[in-house]
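J.: Residue-level listing of the chains:
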Amino acid sequence: KNEVEQSPQNLTAQEGEFITINCSYSVGISALHWLQQHPGGGIVSLFMLSSGKKKHGRLIATINIQEKHSSLHITASHPRDSAVYICAVRDNTDKLIFGTGTRLQVFP
Amino acid sequence: DAMVIQNPRYQVTQFGKPVTLSCSQTLNHNVMYWYQQKSSQAPKLLFHYYDKDFNNEADTPDNFQSRRPNTSFCFLDIRSPGLGDAAMYLCATAGRGRGANVLTFGAGSRLTVL
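Chains as they are written, first to last, in the working numbering: chain L, 1 to 108; chain P, 109 to 222.
One or more hints might be untrue.
[What the hints assert, rightly or not] Derived PhoX-like pairs (lysine-lysine); straight-line CA-CA distance at most 20 Å:
1) L:K68 to L:K95
2) P:K152 to L:K95
3) L:K68 to L:K54
4) P:K160 to L:K95
5) L:K53 to L:K68
[What the hints assert, rightly or not] Label-pair restraints from in silico Cβ distances:
6) P:D159 to L:E3: 21 to 27 Å
7) L:G52 to P:Y118: 38 to 44 Å
8) L:V44 to P:N136: 41 to 47 Å
9) P:R175 to L:P108: 44 to 50 Å
10) L:G16 to P:G190: 45 to 51 Å
None of these hints come from the bench; they were simulated from the model. The C-beta atom is built at its ideal place from N, Cα and C for all residues, glycine as well.
From just these sequences and the hints, can you work out the full model?
T.: Below, the structure written as structure tokens:
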């Protein structure tokens with residue numbers, strides 16, 4: 001079993017829909033990162049969470065440390081949001097463990 | 109701008125011919141990572157450093173070595189590349205401690221093995 005599990009693996013949506021991607025982990029962490037990778041592109045860090053909730057534009061990320069679960073929400077989705085979204089946790093030895101990613105496609 | 113720079117962006121090598129990929133950072137981050145990413149797969153951790161403390165993943169092949177001569181630079185050496193080593197190699201850096209959890213990725217080095 002992977003230490004970091006994401007769901008769903010693939011997600012399609014119509015423009016304007018509200019999107020949720022989930023991440024569960026099984027190790028002790030110092031931080032959780034949500035990352036974005038466009039096709040053929042580099043990886044960009046969207047959020048770093050150690051508790052609570054963060055918002056940046058149409059993106060919201062939450063984490064529940066007790067339940068070892070985090071969610072990434074995209075409000076009013078747009079075709080330019082199409083990308084792979086990766087949850088990565090940093091354990092207490094600084095090791096950064098990636099989830100398998102969620103491939104999102106938003107259609108106009 | 110402070111950033112993580114990987115060189116070369118594209119590397120073509122012949123089967124068995126050694127390759128070195130470099131990563132430099134101006135962020136003064138303690139932690140540096142090397143990942144291998146193959147098409148449509150999640151990045152796979154090869155190594156990570158906290159300062160000069162080196163951590164090797166158990167399943168990283170012996171063919172892969174790494175050096176970190178100072179905080180700013182880190183190298184990935186592939187001693188005898190095989191066809192299966194063709195991939196994107198990603199370098200990332202991270203700070204440590206409260207308020208220092210910024211994670212920054214380089215643009216990657218794409219390795220082709222002929």
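J.: Mind checking the hinted window 41 to 47 Å against the Cβ distance between L:V44 and P:N136?
T.: At 21 Å between Cβs, range violated.
J.: Given the hinted pair P:K160 and L:K95, is their Cα-Cα distance within 20 Å?
T.: 14 Å, holds
J.: Please check whether P:D159 and L:E3 have a Cβ separation lying inside 21 to 27 Å.
T.: 24 Å, holds
J.: Starting from L:K68, check that the Cα of L:K54 is at most 20 Å away, please.
T.: Roughly 17 Å separates the two Cα atoms, so the pair holds.
J.: So if I understand the rule, the pair passes when the alpha-carbon distance is 20 Å or less; does P:K152 with L:K95 pass?
T.: At roughly 12 Å apart (the allowed maximum being 20 Å), L:K95 and P:K152 satisfy the hint.
J.: Regarding L:G52 and P:Y118, is the given constraint of 38 to 44 Å on their beta-carbon distance met?
T.: 41 Å, holds
J.: Could you check the hint for me, namely that P:R175 and L:P108 are 44 to 50 Å apart, CB to CB?
T.: Because 48 Å falls inside the window, the suggested range holds.
J.: Could you see if the CB distance from L:G16 to P:G190 stays within 45 to 51 Å?
T.: At 47 Å between Cβs, range holds.
J.: Checking one constraint from the list: CA of L:K53 to CA of L:K68, max 20 Å. Satisfied?
T.: With Cα atoms ~14 Å apart, L:K53 and L:K68 stay inside 20 Å; holds.
J.: Given the hint that L:K68 pairs with L:K95, does the C-alpha gap stay at or below 20 Å?
T.: Roughly 17 Å between the alpha carbons, so the hint for L:K68 and L:K95 holds.
When each numbered hint is compared with the structure, a violation occurs for hint 8 only.
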